[in-house]
Amino acid sequence: MKSLKKINGNTLLLLITIALFVVMYIAGCVVYSTKGFTHLQTFLNILINNAGLLCVTCGMTCVMLTGGIDISVGSLIAMDCMFIAVGIEKWNMNPILLMVLVLVIGAVFGMVQGFCVGYLKIQPFIVTMAGMFFGRGMTAVICTEQVSVSSSELFVKIAQTKIELPFGAYTNNKGVLQVPYVRIPVVIALVVLIIVFLMLKYTKFGRSLYAVGGSEQSAVMMGLDVAKTKLKAYVLSSVLCSIGGICFCLNTMSGSVQQATGLEMDAISSAVIGGTLLTGGVGNVIGSFFGVLINGTISTLVKTNGKLLSSWSNIAVAALLCFFIILQSVFAKIKEKSK
Amino acid sequence: MTFPGVKALDNVDLTLRKGEIMALMGENGAGKSTLIKCLTGINAFEAGEIHVEGIDGPVVNHSTLDAQKKGISTVYQEVNLCPNLSVAENLYIGREPRTKLGTIDWKEMISRSSRIMKELELDVDVTKTLEDYSLALQQMIAIARAVDMECKVLILDEPTSSLDDNEVAKLFKLMRQLKEKGVSIVFVTHFLEQVYEVCDRITVLRNGTLVGEYPIAELPRVKLVAAMMGKDFDDLASIKTEDNIDFTNAPLVVKAKGMSHKGTIKPFDLEIHKGEVVGLTGLLGSGRSELARVIYGADKNQTGELEFNGQKVKINAPIDAMNLGMGLLPDDRKAEGIIGDLSVRENIILALQAKRGMFHLLPMSKQNEIADKYIEMLQIKTASKETLIGQLSGGNQQKVILARWLATDPDFLILDEPTRGIDVGTKTEIQKLVLKLAKEGKSLIFISSEIEEMIRTCNKLIILRDGQTVGEITENLTQENVMSGIAGGGEND
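From first to last, the protein sequence lines are chains A and B. Heads up: the first sequence at position 55 corresponds to 55 in our numbering, and the numbers run straight through without jumps. Heads up: the second sequence at position 293 corresponds to 293 in our numbering, and the numbers run straight through without jumps.
Do not take every clue at face value.
As the list claims (entries may be wrong) - Taking lysine-lysine and the DSSO-like style, the derived pairs with C-alpha atoms no more than 27 Å apart in a straight line are: (1) A:333 / B:460; (2) B:460 / B:255; (3) B:262 / A:333.
As the list claims (entries may be wrong) - Covered by chain B, according to a simulated footprint, are these stretches of chain A (three or more residues, beta-carbon under 8 Å): (4) 199 to 205; (5) 208 to 219; (6) 222 to 235.
Hints listed in this document are in silico derivations from the structure and should not be mistaken for laboratory results. For every residue, glycine included, the Cβ atom is placed at its ideal position computed from N, Cα and C.
Just chain B, with the same shape it has in the complex (with noise of 0.2 Å):
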């Protein structure tokens, strides 16, 4: 199997043992999406053998029904589930029960979808539509339905980086369970905790081929990370060095007073020095996002306002904002972000071109140098600028959308979970760049579910609870600290 100008994969082994759990690991474009593609029959591969239990030769699946068939079920990141579907429908669309005279149903269908959503313990009505439920909770569903099509390898495609801890935690029940059924699990993740908390055996790729299969007893977490970035790693921790600068002094790029929007975040106070990185913390659906969508105009405040610079301004829209410096980079990359069917090039200049407005094209030589100086100052991994963006892997993709914002050059930069569901050697680089930014005299905002990627980055925390704001640490910035925050032990609570 080759993507367009680099072999996405060569060569690779893999062997899964029966009732076991192994972590499948790499950075972004070393190869498991593709790995998984070619075990689900999604694509097809070029040279080498599946073989599966109870089946004699070698397995070909020409599609994910027939990966299905041979006892192969697959959870990828993004929920492959229907929206506009129930609940039950979503956990059996394909093998429906069947009455006597050969239709669906229903009533079997629900009472059967109940029972397994009761042992999962989720409190869910599976009459509902899917589309009411949260993205964890989809997430949950999708793994039902895999669970119950009786599998004998389930393959988890980075499950939990939608989950929170609590889900992430009934997650592993159930993988421990299937486990002890003897079903074989592949886990995909960028999360190393959980790799050394639910796994058996570790296979680590690297650029399209294997490193190397280890017990986990025999792989602690740096000789992982080595083996997976293929150099000794460049410790995490240090990447902040100067702690607790003084932004008193520095002018303010961005306060808010009172800003709200109804249903989704309430009033709330802010303010944002130049060259200061604020990090927005809580629990998922606290209101992290929807802080930043009201100062951005992305959800137009209903009350209070905005100064910006100094200045009093009024943001409708997010071109508003956009023109008075400012960027959003979305947390749904998929959704809200990547234009698939545009190339590198294009994606890159969007931003930048919609503030010039339609009328004042790019010239071509310019949209190619601005390209070219992102893709190399981001280290994005794609074969030429012209390709496709919805080829490249998950974090180049996110290197790019950070590209667009870059490029209109901000003096103030949202950034909503870029680093989700991208490997640790990008996070790295993604929280060195925050900081080169913070540095040049930019302020942003950073928002992440890792606690302790904000801490390092972050000269201020403001923590959410339930769409308001709690608390603000400015010193002692260590996960203690921020935990009790987020958990009720706020200040101004």
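Bound conformation, chain A alone (with noise of 0.2 Å):
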């Protein structure tokens, strides 16, 4: 009973996702048995195209904390692929030195517009859209052509390291051995969002960030440095941005002006599924890994149908995010109610 108790609406929000998906899943691998997804495979390719995503959801999740948003991620991805695309092709460059710099980059981009955020107490909603302007921008400026990065052998060699899982093996239908495996950028993505889980709750920098949501005027009065902590998750969005950069450059292995368009929306609302208030203060990682998992398991099983046009992920994501917006909203209610 005690334990019941305990169990206050934002712990509800957590369950009601992971269920969720748990449902998801279950019907899906139901209604598509014979196209294979109830095969484990299925499930790590969803956790292969989404690792540059989770990374992205981290860092996004951390700023919306605050009670901040950050929209320039998806344009940073697409400078950091070309980056490192052009970087490899044109310039001969080492990919580890590329790599490396990228999060140079992320981290100097991120101290700016945390900067503005923070310091200058400019709307973060306008700083990180003239930061997803510039990085867009900045892409075509450095080269207005896709690029496929094929020359390094040591980038070819990362991208294509299939990491084997020691369980889950099957025989198909030709009478192969099938291993599952993952790929080293959902090893990343998995580090990355340990680390921030374990950041959020246990330094003070992650609890500052709850704090700065909650009542930036009470963090203030408490003796905490908002102007700081704001910047600091700006430059940890950007950073952790510019490794999911990284992450979706080895998946597509080409850096063009176009790529990753809209993922800023994609992080919100994995964010926001996942149980992240838009106003700050509530929400943590582990809801935004089951978020992205929820959009990834959507655009699958509509590719999985093959039939259905794949603008119908999109759909069934406003649905979901309007179920989930509504519920928070409602749970808000019963809350002030009971008091």
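Fit the two chains together into the complex; they arrive one by one in their own frames, and the hints show the way.
As structure tokens, this is what we get:
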């Protein structure tokens, strides 16, 4: 009984998100059992395809916790990918060095945005919108064409490395043994997820994010450095976004101006479905993780069906978003009433 | 330190001795808050020095954190904690206990927090979020946070305005304990009784200047009030002149029958006549505000019906009530009343504009006229009518909201705690205003935690307990009668 009492609205929301994912996935398994949906690899592919998004969403969650938003992430990814692609193909640079540079660029990018939001107290939406235009513009300045990466052996090797799982192997109908695998970006993304989770729970910075989002005025009064916390949040978001960009580039092995268009919205919707409030102060990366999985599952379901227009996944996400924000506001109402 | 157009503090000295409780008194706008903000580093000051025991040379605090490090902690009137965090975190954020790895030690934090709560005899689950607890408990938690920071100086800015008597007693006990430990306390309050109950000395400010420092024994109540107001005190008790007007023949303005709202207020009947002031009284959380909210449509009534000026009406939302000629002055002026980024003028015409609708903008000349009229009538202290309301002191903000409703010329006005957190002088003015409005034929509901104030202003008192109306007093309005009613001697009980 006591443990039941401890479940508050926010934990319940998280549970609903997880339950929804499980139900959705099982439904997929039942409906599309003949199309291989039941195989472990289908799930792993969702992870592989969304590793970049997961990194970005972790950063987005941190920013949203402060009550802010970062819509520059999509174009920052495009810029990162283009930078790596052109760096390898045209400038013959070392891919590892390029990746490090991308992280540095991300940090500087985030610092500028964070400074504007934290110290100059400009609306995060408008600041990161400027960042968004800058990133997309810069991508085109680097190169206007699509660039495929093929000349660096090291890069191709990293991108194509399969990490095989020690379990879940099966033989397909042609009699070939299929070993489930993930790729390096998945490992990176999961490590990011765990680190951010621990950071949010166990560091002063993590808790400060919640405090700032809960009540900025109070955070100041309690002696927290609000401006610095915000600056750090945006730096974190941009750095995680750049890590996401690296994952993205490893997945697509190319750079183009139109890459990752609208990704910021996927990240925001994943975070919201995962229980992060746009008003700040409430949320968790575990929820965001499941938000990403739900997003991924929806598009996989639509693809597996084969007959549906891919736009249906947008409509499904729209419906889900609606469902979750209504749920959140209903919970908030109930909470207010019960006082 | 100056505020726009007004010099907020001018050459004020303040001495605080080790282990004493000092009351900092003054009317609204006297400069108490500004003085405190200078001490705690929220506002910078232009001249003068601060010295703290154990630190050589003058101290300059650049932030609250800075001040805390030097041993000066503050608890404000409005709870400044984070509602979304757990109680334990609210106690320890910014100075969390760490494990060897440098991460937050949750176990230690929770056990320490529980111990603090136990010491203060508060029944609180520290792992729950702060918003699960009442405002009063939140206030106690805020104090617990300040106390636990091993402060030398504790500043309490109106800590008791949202606490009930029992909680105030607990707070005073805590203050005395701290005093014995050698903590010096600055206590800002508007409740005179509380000053005499717990303080050793009184410092009085007026219009940003120091009036004087007095040992408590040398400054009886009347002299204190005179010092604060700078004039001989117009006795509060003489406000109400005529007693026991018979309203049975006056037309009914409000007639509620069996109205209720699930979870907040059980079905009630209520009749208010023209020109009558009805008081709602009861303990904190007894349903005083909730009853008013149901009539006004802020919480929709789920049962019962309402007649207004003799006609049956259906109120679905506050705008319906406004159009009928009702007004509600909410008790939480920070959250529900003022819009800090708008000017005094804009705040005054807000309700009137809402009533007229978005597309019938009031002409500017008319707006100015209305604003000037009420600033004059209510003596709102502001540099100009274009000053942002957020820069006004609490009592003056309250007057602006009152002006907002008066501008709509309502027949029926609900005032929920209009005098909370404002000084004696303004309180008297508001009470006088209530009586004046009633004389002009308006009907009012008046809600206040101070029984004396209700007795002075109301013609009839409705007593509430646990979300239910339990009695009505129309004659012999005395403190004892009302108290026994609240405590459980009501006639319907």
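Here is what the structure says about each hint:
| no. | hint | result |
| --- | --- | --- |
| 1 | A:333 / B:460 | violated (34 Å) |
| 2 | B:460 / B:255 | holds (15 Å) |
| 3 | B:262 / A:333 | holds (14 Å) |
| 4 | 199 to 205 | holds (count 4) |
| 5 | 208 to 219 | holds (count 9) |
| 6 | 222 to 235 | holds (count 4) |
The earlier numbered hint that this structure contradicts is number 1, and it is the only one.
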